[in-house]
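There are 2 protein chains.
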Amino acid sequence: MSSVKKMVVDWKGNLRFDSRNEKGLTVSIDVPKDHGGEETALSPTENLLASLAACTSIGVLGILKKKRQNVTDYAVEVTAEKREDPPPRVFTKIHLKYKIKGENLSSQAVETAIKLSEEKYCAVGEMLKKSVEITSSFEIQ
Amino acid sequence: MSSVKKMVVDWKGNLRFDSRNEKGLTVSIDVPKDHGGEETALSPTENLLASLAACTSIGVLGILKKKRQNVTDYAVEVTAEKREDPPPRVFTKIHLKYKIKGENLSSQAVETAIKLSEEKYCAVGEMLKKSVEITSSFEIQ
Chain A
1 MSSVKKMVVD WKGNLRFDSR NEKGLTVSID VPKDHGGEET ALSPTENLLA
51 SLAACTSIGV LGILKKKRQN VTDYAVEVTA EKREDPPPRV FTKIHLKYKI
101 KGENLSSQAV ETAIKLSEEK YCAVGEMLKK SVEITSSFEI Q
Chain B
1 MSSVKKMVVD WKGNLRFDSR NEKGLTVSID VPKDHGGEET ALSPTENLLA
51 SLAACTSIGV LGILKKKRQN VTDYAVEVTA EKREDPPPRV FTKIHLKYKI
101 KGENLSSQAV ETAIKLSEEK YCAVGEMLKK SVEITSSFEI Q
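Quick note, the sequences are listed as chains A and B, same order.
When the first sequence is numbered by the working numbering, its final residue is 141 and no position is left out of the sequence of numbers.
When the second sequence is numbered by the working numbering, its final residue is 141 and no position is left out of the sequence of numbers.
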């Protein structure tokens with residue numbers, strides 16, 4: 001079973017682009033000043049990192065909720081190694097460090113949630129992992 | 001030569017996440033209502049399509065500028081086929097349709113710019129193409 005997703009990307013001058021989904025929601029993408037942009041929004045590769053971390057996080061929080069774990073605070077630190085030369089400037093490694101706070105959180109439940117989300121549910125990670133080494137760790141705070 | 005990029009992703013409740021780069025620029029990511037989110041921003045996979053199209057577009061417009069082509073309007077229509085079942089819900093195919101307007105644009109210059117950008121410069125496409133079939137076409141308007 002498959003579905004079709006459509007988006008429209010509009011040029012907003014210089015190197016800035018607004019991308020709109022079918023419901024009218026948009027995201028702006030720009031380029032850093034030292035690469036000729038105006039730095040009004042994340043770059044394409046930064047946006048890719050945001051997509052990856054949000055994707056795994058949706059799974060992690062969804063699974064923890066099902067396991068009746070009460071998460072009160074949650075963040076991910078993303079560290080990515082980027083090859084600068086030669087182009088294309090791809091990420092060679094991405095590390096996701098999950099930092100989770102909650103009431104009586106089970107370390108085992110957190111570990112399983114991260115593993116399941118990363119290996120089974122996160123589509124962005126699945127599409128990247130043939131090209132990029134993706135690793136993760138977690139800290140219960 | 002490589003560099004390190006860091007980002008922090010903060011949970012904003014339910015399934016919404018704000019991702020911040022080192023310069024303080026942020027992007028919000030949410031989930032559609034029929035998947036439990038509040039639909040305040042693009043989903044992770046929509047954001048990935050936006051990243052890909054902006055990435056190739058930066059190259060296309062940069063190359064056309066170097067070739068002294070005067071582009072006056074520019075958009076990309078993205079059509080992606082998504083496997084819905086089983087998870088993860090990955091894209092199996094992505095098509096980028098470039099729609100370019102300008103003064104006396106050379107069709108050959110446009111074709112070369114797209115090819116060069118997609119094959120040589122765009123890092124997002126490079127990281128995805130081992131998993132996803134990415135094709136493109138263009139129309140000079």
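Calculated directly from the structure, the hints in this document are not laboratory data.
Treat the hints loosely; a few may be bogus.
Residues from chain A that face chain B, not an exhaustive set, calculated with beta carbons under 10 Å [said to hold, decoys possible]:
#, residue
1, PHE17
2, VAL31
3, ASP73
4, ASP85
5, GLU103
Cβ atoms here follow ideal geometry from the backbone N, Cα and C, with glycine treated the same way.
Going down the list of hints, with the structure as the test:
A distance limit of 10 Å between C-beta atoms decides the matter here; for PHE17(A) the minimum to chain B is near 4 Å, and the interface restraint holds. The restraint placing VAL31(A) at the interface with chain B holds, with a minimum CB-CB distance near 6 Å, inside the 10 Å limit. Because the smallest distance between the Cβ of ASP73(A) and any Cβ of chain B comes to about 7 Å, under 10 Å, the interface hint for this residue holds. For ASP85(A), the suggested interface contact is upheld, since its CB lies about 4 Å from the closest CB of chain B, less than 10 Å.
Of the supplied interface hints, the one on GLU103(A) is violated, with its beta-carbon coming no nearer than about 16 Å to a beta-carbon of chain B, more than 10 Å.
The structure does not agree with numbered hint 5 stated previously, though it agrees with all others.
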